[in-house]
Amino acid sequence: MIHAQRDIGTLLVSDLAERLPGAVRQLSHSRGECYLHVEPSRLLEIARFLKGEQPWQFAFLANLSPVDWLSRTPRFEVVYHLRSLVFNYRIGLKVDVPDQSLSLPSLTGVWRAADWLEREAYDLFGVRFPGHPDLRRIMMSDDWEGHPYRRDYPLAGRAAE
Amino acid sequence: MGLIDGRFEKNLATDAVDTVLNLGRAYSLWPVAYGLACCAIEMIHTMTARWDLARFGAEVFRPSPRQADVMIVAGTVTHKMAPILRRLYDQMPEPKFVIAMGGCATAGGPFRTYSVVQGVDTIVPVDIYVEGCPPRPENLIRAFVLLQERVKTMTIAKLPRSTEPPIRIEA
Amino acid sequence: MNVSDSRLMTLNIGPQHPSTHGVLRLIVELDAEKVVTCRPDIGYLHRGIGKIAESLTYEQFLPYTDRLDYLACFINNHGWAMAAEKLFGIEPPRRAEYLRVLLSELARIESHLIWLGTHLLDLGAITPLFYCFREKELIRDLFEEICGARMTHAFCRIGGVRDDVTPTFLPKVREFAALFPKALREYESLITDNPIFRARTRGVGVISAERAIDYGLSGPSLRGSGVAWDLRKAEPYAAYADLDFEIAVGQRGDVYDRYLVRMEEMRQSLRLIIQVAENLPAGPVLADAPQFLRPSKAEFHRNMQAMIRYFHITIHGACPPAGEVYTAVEGTKGEVGFYVVSDGGPKPIRVQLRGPSFVNLAALEEMAKGQYLADLVAIIGSIDIVLGEVDR
Amino acid sequence: MNPATAEPALGYAPLLLTVILAAGFGAVMLLLGSLVRPSKPNPVKALAYECGNLPIGDARLPMRTRFYLFAMLLVIFDVEVVFLLPWAVNFLSLGLFGFIEMMIFLGVLLLGYVYLWRNGGLQWD
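Chains as they are written, first to last, in my numbering: chain F, 6 to 166; chain B, 26 to 196; chain L, 220 to 611; chain X, 787 to 911.
Chain B is nowhere near these chain L residues, computed Cβ spacing over 12 Å in every case: (1) D250; (2) E252; (3) L389; (4) Y406; (5) S408; (6) M482; (7) I493; (8) D507; (9) T533; (10) H535.
Derived contacts from chain L toward chain X, CB cut-off under 8 Å, selection only: (11) M228; (12) Q235; (13) A251.
Don't read these hints as lab results, they were simulated from the structure.
C-beta atoms are modelled at their ideal positions from N, C-alpha and C, and glycine is treated no differently.
So that you can see chain F by itself, here it is in the shape it has in the complex (with noise of 0.2 Å):
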């Protein structure tokens, strides 16, 4: 039974809570798009359930864009746009990133899609993915210090450069 896209999110979390209590923190809206808040040591077993599961079947993974808050702590937070073709389904997964760590799991066992974006998130934010097979700059030249898109980062670039 395919659901309308208006309830995918409460329906979404209703399940997840189910099957993996604890995972899901909370669910939130913007412009009639539902972002689901994973807590980042979950976020493996939620991405597997995601692209797995019958009724959901997320098998496209369309965007991963960190985005640094600068302020807030924790400061950086990566956002999954995931899309599920069969259902035409669309979720956001918002994840923050711990600071003291800066890393996430990698998803490239789950999607081959995450290889590349997991690589521009490291070089252009400085998130690092353990478990990913080559993280190595992608944008920039290998010698190039700093994470040009964080937001100290001056636009210009650096003097020294």
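Position chains B, L and X relative to chain F; hints supplied.
Quick look at chains B, L and X alone, frame taken from chain F:
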């Protein structure tokens, strides 16, 4: 340049040789196929049938710099690309010319960021700057016409000590 | 086949190479003629457009989206305008929605034409390039007619399109629509049944539907493997809901099927263009949301408040309510996504640009493994990458 | 006496002259070129061109024998064409005799080609 370059004063013979050499160079400026970004698309348009760069003898886009005379820097030059661009320029045989096509190559264009070189003339000597983002094909063709005029002024004769008068800044 | 490392030849298909469609570098390890590994090295055109967006208001950033996928500029503008409209909560008028579909489909045909030209050029046939650019120039004239610019026209606006089309625009579109099918037949007579083209592309660079979805492929690269997923149908935006067209889907997921998908897509785009040209609704082309958008020029000259509001919005930019939005449009290479986070200020605090070419390029290594070096060139052409979108 | 087969009066002098002329023409052109063209050598220009990168890997690699086989095939079928040229020039004077002789020559080579094709010599891997 071989045995005869810069060896003789400007006389009838060197003028004759100049005319022949410059005629050959001016009307067969082979660009190196080297598109960086959006300007490259406009460069391809200039090459195809409607704008027809062939009328100016420059439609042969050589993939290797070894067989090219002009390097059209068509697009944004980033710091990661700069050493490669310089190496390509060095690997081109003399006499070689550079056309900085578009705002990005001329002065960094709309991208005042950490990774963009603000103007390709900090890397290679540029002969002609083409304005526009991307420049219309007519601009690029005008650049080739200007370049041809410049090529025609080249000479093998010995140049006097300094050709241009020193710039005097009025008190 | 035990391949000792010493026998592998490392080949640099570098940033300056005719078949990499821009500044892409491939480090390829070859066993005689077979590709063993092919690692793309990108970033040679990384301009930091996402970071630029954080220092500009929503309206100021629009021209930068032209420089992302610079083959189909209008589609990026359309995506960014939709993302901003969702944030502001503005609804563009019907006429603007229809015009956006018309111009997006023109941009799609234009992008597929340069894909076809350069793809065949890499395989050694130079004639199609000149045929395709003949029609491409006609489309550029259409864009030049309504906005004066050939390529980076930034004709879209938040809340609609910049201007209404000129009276002679629609007749010229109909003229183009009448002429283009003949041109398409001309290309296909040259290419589709050409035995050399078939030998070079049938069964080359195959990727299965599951692997394509796993890699996050989208657009013709995904539909070539048999997955009927097109954002214009899955999440109808603009006026796509009330227009009828089909999605072209391949079966085998090789270079030849991706070619067939794109050729069929050009026909479907033409159908859309004809439908929009026939029943283009009347009305304004720009929404009037006083608190976010600038008043019209006529209004600007008539009263003082409008003038003040005009300057205020132009200089400081309008502030959308806080929130985040992920809007995706069906670009020519796949899903062009804009994830915009706003904290209520005039400028977004984070813009993530999802470039389909960037994601599709990651699958190149798997497609090229075990193929000949010459086929690698065909595969790059069939994924149709644009470096402005890969490096952003 | 059939002029074509007679002992040429000047011996092989004309042949020698053409060889000298051909080689001489090439040599003079190259010499003139070195005189006139600008030469500004620099170390980077001397580097091997690799799409703008520093050359990586090593060119001296053990090549697969497949390449050598294809090279041999090229030589065989090129030489075959070389033999056709003199025949084509003297086509009328050689008449039927020349024609039959050539057809036998081509037939033998065609047989070789079919044998080669049958045994997969043209397959790459």
